[in-house]
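Novice: Please work from the sequences and hints to get the whole structure.
If you want the building blocks of each chain, they are given just below.
2 protein chains.
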Amino acid sequence: MINPFTDEYFMKKALQEAEMAFEKGEIPVGALIVIDNKVIARGHNLTELLHDVTAHAEMQSITAAANYLGGKYLMGCTLYVTLEPCQMCAGALYWSQISRIVYGATDENRGFVKMGTQLHPKTTVVKGVLANEASELMKRFFVERRK
Amino acid sequence: MINPFTDEYFMKKALQEAEMAFEKGEIPVGALIVIDNKVIARGHNLTELLHDVTAHAEMQSITAAANYLGGKYLMGCTLYVTLEPCQMCAGALYWSQISRIVYGATDENRGFVKMGTQLHPKTTVVKGVLANEASELMKRFFVERRK
Chain A
1 MINPFTDEYF
11 MKKALQEAEM
21 AFEKGEIPVG
31 ALIVIDNKVI
41 ARGHNLTELL
51 HDVTAHAEMQ
61 SITAAANYLG
71 GKYLMGCTLY
81 VTLEPCQMCA
91 GALYWSQISR
101 IVYGATDENR
111 GFVKMGTQLH
121 PKTTVVKGVL
131 ANEASELMKR
141 FFVERRK
Chain B
1 MINPFTDEYF
11 MKKALQEAEM
21 AFEKGEIPVG
31 ALIVIDNKVI
41 ARGHNLTELL
51 HDVTAHAEMQ
61 SITAAANYLG
71 GKYLMGCTLY
81 VTLEPCQMCA
91 GALYWSQISR
101 IVYGATDENR
111 GFVKMGTQLH
121 PKTTVVKGVL
131 ANEASELMKR
141 FFVERRK
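Each protein sequence line maps, in turn, to chains A and B. With the first letter of the first sequence counted as 1, position 24 gets the number 24 in full-length UniProt numbering; the numbers rise by one all the way through. With the first letter of the second sequence counted as 1, position 116 gets the number 116 in full-length UniProt numbering; the numbers rise by one all the way through.
These aren't lab readings, by the way, just hints derived from the structure by calculation. Careful: at least some of the hints might be erroneous.
What the hints assert, rightly or not - Within a straight-line C-alpha distance of at most 20 Å, the following computed SDA-like cross-link-like pairs (lysine to any residue) qualify:
#	chain 1	residue 1	chain 2	residue 2
1	A	K114	B	Q118
2	B	K127	B	L15
3	A	K122	B	K127
Stated by the list, open to error - Negatives, chain B to chain A, calculated, CB over 12 Å:
#	residue
4	T6
5	Y9
6	L15
7	Q16
8	E19
9	R42
10	G76
11	P85
12	N132
13	M138
To be verified - Some chain B residues well away from chain A (every beta-carbon gap over 10 Å; in silico):
#	residue
14	D7
15	E23
16	N37
17	V113
Glycine included, each C-beta is placed from N, C-alpha and C at the ideal position.
Specialist: Given below as structure tokens:
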């Protein structure tokens, strides 16, 4: 039997979150957190609406997932996020000890790889999942914003 | 006339926040944000109570200050925090474009300096203000927790 719960499957849901951010005029980034193939948290960027630089998709998802689990550590969880996390989000993921991070598009300017932010040694990273879809959405957002 | 609003004056208030964290069984870190000598946000570490790795004193203060100002940028503000910020908090401060960061004790293991986290180019940093008081509080916390 084919396993439907692939990284692409969950990244598609993260992209839906990113589209919700887009529709609100927010930089379109979406995230979700999954444990045992079950989505336990979703979020999308809300920095403009909330006037809050900390309201990145990942930060909201980390808080929501911990709330669901009743504990602050996210061992056994995977974060799916459409754009490479920044220093702040990677720093939060470090503290959470999350097991896996799967991201779509690379953020060559402010992504945690370029910035040298340290993840927890137990965290594994997969990049480039549906990267084209994520970066097309970002490009479309910035084109529309310039109009 | 002597200006009462020194860095020590505000750091004492941040230490009071740290003591409130201590009394709740939280790692004792306190923070506040000041603009034009006026305190606009206070916070103390609540990661245990909230089961949330993002609930550092600085993160809560950044959110509260932006809420007070009605905008996400903290230009003109100073953050006072009893312990050197971590990667996550420094990453949030980067996005906030805060003008000054004043911290007490150095975090040699997980502080942003050791971790190489990048601050905004417009942000200036002062360290070591009431550092002894802040580190004594931390030491007392860990001694009591071991009992």
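Novice: All hints are to be evaluated individually against the structure, with a verdict given for each.
Specialist: Hint by hint, here is what the structure shows:
1. A:K114 / B:Q118: holds, 11 Å
2. B:K127 / B:L15: The given pair, whose Cα atoms are some 15 Å apart, holds under the 20 Å limit.
3. A:K122 / B:K127: violated, 32 Å
4. T6: holds, 28 Å
5. Y9: holds, 27 Å
6. L15: holds, 23 Å
7. Q16: holds, 23 Å
8. E19: holds, 22 Å
9. R42: holds, 16 Å
10. G76: The claim stands: B:G76 keeps its Cβ more than 12 Å from every Cβ of chain A (closest is about 15 Å).
11. P85: For B:P85, whose nearest Cβ neighbour in chain A is about 9 Å away, the distance does not exceed 12 Å, so it is violated.
12. N132: At about 26 Å from chain A, B:N132 clears the 12 Å cut-off, so the statement holds.
13. M138: Answer for B:M138: holds, closest chain A Cβ roughly 17 Å.
14. D7: At about 24 Å from chain A, B:D7 clears the 10 Å cut-off, so the statement holds.
15. E23: holds, 20 Å
16. N37: holds, 23 Å
17. V113: For B:V113, whose nearest Cβ neighbour in chain A is about 13 Å away, the distance exceeds 10 Å, so it holds.
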